[in-house]
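Working from the sequences, and respecting the hints, build out all of it.
Protein chains: 2
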Amino acid sequence: MKILHHPNRNDIHLSSVLYALSDPVRLSIVDRIAHQGEQPCSAFTTPVAKSTLSHHIRTLRESGVVNVRVQGTQHFVTIRQEDLELRFPGLLTSVIQAYKISMNED
Amino acid sequence: MKILHHPNRNDIHLSSVLYALSDPVRLSIVDRIAHQGEQPCSAFTTPVAKSTLSHHIRTLRESGVVNVRVQGTQHFVTIRQEDLELRFPGLLTSVIQAYKISMNED
Numbered sequence: 013m014k015i016l017h018h019p020n021r022n023d024i025h026l027s028s029v030l031y032a033l034s035d036p037v038r039l040s041i042v043d044r045i046a047h048q049g050e051q052p053c054s055a056f057t058t059p060v061a062k063s064t065l066s067h068h069i070r071t072l073r074e075s076g077v078v079n080v081r082v083q084g085t086q087h088f089v090t091i092r093q094e095d096l097e098l099r100f101p102g103l104l105t106s107v108i109q110a111y112k113i114s115m116n117e118d
Numbered sequence: 013m014k015i016l017h018h019p020n021r022n023d024i025h026l027s028s029v030l031y032a033l034s035d036p037v038r039l040s041i042v043d044r045i046a047h048q049g050e051q052p053c054s055a056f057t058t059p060v061a062k063s064t065l066s067h068h069i070r071t072l073r074e075s076g077v078v079n080v081r082v083q084g085t086q087h088f089v090t091i092r093q094e095d096l097e098l099r100f101p102g103l104l105t106s107v108i109q110a111y112k113i114s115m116n117e118d
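Respectively, the protein sequence lines represent chains A and B.
Counted the way my numbering counts, the first sequence spans residues 13 to 118.
Counted the way my numbering counts, the second sequence spans residues 13 to 118.
You may find that some hints are simply not true.
[What the hints assert, rightly or not] Partial list, computed: chain A residues near chain B (C-beta under 7 angstroms):
#1 L26
#2 S27
#3 L30
#4 Y31
#5 L33
#6 S34
#7 P36
#8 F100
#9 G102
#10 L103
#11 S106
#12 A110
#13 S114
[As the list claims (entries may be wrong)] Covered stretches of chain B (chain A as the covering partner; in silico rule of three or more C-beta atoms under 8 angstroms from a C-beta of chain A):
#14 19-28
#15 35-41
#16 97-108
#17 111-117
Don't read these hints as lab results, they were simulated from the structure.
Even glycine gets a Cβ: it sits at the ideal position worked out from N, Cα and C.
Next up, the structure:
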């Protein structure tokens with residue numbers, strides 16, 4: 013079974029997390045799994061090509077924002093809620109709240 | 013007097029704010045003016061060239077994170093605290109708190 017690299021909790025850096033969250037597509041992915049729990053990559057209906065989506069998921073994984081579990085040919089994505097909360101308390105919650113505000117304006 | 017462009021409060025976008033905050037030098041600038049109030053650009057002792065510093069300040073200004081006031085040959089920088097708080101409540105506070113945590117580890 014293929015195991016993807018994830019940074020340890022203490023190697024999660026604030027600037028990388030903020031960068032990972034600074035893209036509208038990545039924000040929409042994070043918002044979805046924050047509300048609905050683990051999702052297969054195929055569940056994300058974004059306006060981008062499959063390879064671009066893979067790149068976005070990789071950016072989120074390498075920054076420490078999400079965990080990606082490989083099962084057969086599918087990749088399942090969850091938020092690293094506990095790690096992020098222990099590392100930077102309240103940060104993800106405030107970003108998701110800000111995302112909700114920005115979405116309600118459109 | 014030269015007046016620099018600043019986005020209106022409602023034109024401040026979450027992804028741009030997070031991108032502006034996703035760089036360690038820009039984070040250090042924001043942290044400093046958040047704690048010490050308005051500062052001239054010359055007060056920022058960063059390990060980057062003057063032109064790079066100008067670029068960082070511009071990124072912060074164009075995203076809506078800071079206000080830059082021109083007085084003679086000096087540029088004075090403040091956080092757009094009220095605008096950011098009204099736009100995305102609690103976001104900047106949680107980022108600055110996370111920055112403090114990450115700094116205490118070094």
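Structure-based check of each hint:
Because the beta carbon of A/L26 sits about 5 angstroms from the nearest beta carbon in chain B, less than 7 angstroms, this interface hint is met. Contact between A/S27 and chain B, as hinted, is supported at the beta carbon level, the nearest pair being about 5 angstroms apart and thus within 7 angstroms. A least Cβ separation of about 4 angstroms between A/L30 and chain B falls short of the 7 angstroms threshold, and the interface hint therefore holds. Because the closest C-beta pair between A/Y31 and chain B is about 4 angstroms apart, less than 7 angstroms, the hint holds.
A hinted interface residue such as A/L33 counts as satisfied when its beta carbon comes closer than 7 angstroms to some beta carbon of chain B; here the least separation is about 5 angstroms, so the hint holds. With a cut of 7 angstroms, the hint placing A/S34 at the interface with chain B holds, because the nearest CB-to-CB distance is about 4 angstroms. The interface hint given for A/P36 holds, since its Cβ lies 5 angstroms from the closest Cβ of chain B, which is under the 7 angstroms cut-off. The interface hint given for A/F100 holds, since its Cβ lies 4 angstroms from the closest Cβ of chain B, which is under the 7 angstroms cut-off.
Against a cut-off of 7 angstroms between C-beta atoms, the interface hint on A/G102 holds, since the closest Cβ of chain B lies about 5 angstroms away. The criterion of a C-beta within 7 angstroms of any C-beta in chain B is met by A/L103, whose closest approach is roughly 5 angstroms, and the hint holds. A cut of 7 angstroms between beta carbons decides the hint on A/S106: the least distance to chain B is about 4 angstroms, and the hint holds. The beta carbon of A/A110 is positioned within 7 angstroms of a beta carbon in chain B (closest approach about 4 angstroms), and the interface hint is therefore held.
Among the interface hints, the one on A/S114 holds; its C-beta lies about 5 angstroms from the nearest C-beta in chain B, closer than the 7 angstroms criterion. Here's how the segment 19-28 of chain B fares: 5 of its residues keep a CB closer than 8 angstroms to some CB of chain A, so the rule of at least three is met and the hint holds. For the segment 35-41 of chain B, the stated coverage by chain A is satisfied: 3 residues place a CB nearer than 8 angstroms to a CB of that chain, which reaches the threshold of 3. Beta-carbon proximity to chain A at under 8 angstroms applies to 8 residues in the segment 97-108 of chain B; the threshold of 3 is reached and the given coverage holds.
Judged by the Cβ-Cβ criterion of 8 angstroms, the segment 111-117 of chain B is covered by chain A as claimed, because 4 of its residues qualify and three suffice.
Checked against the numbered hints above, the structure breaks none of them.
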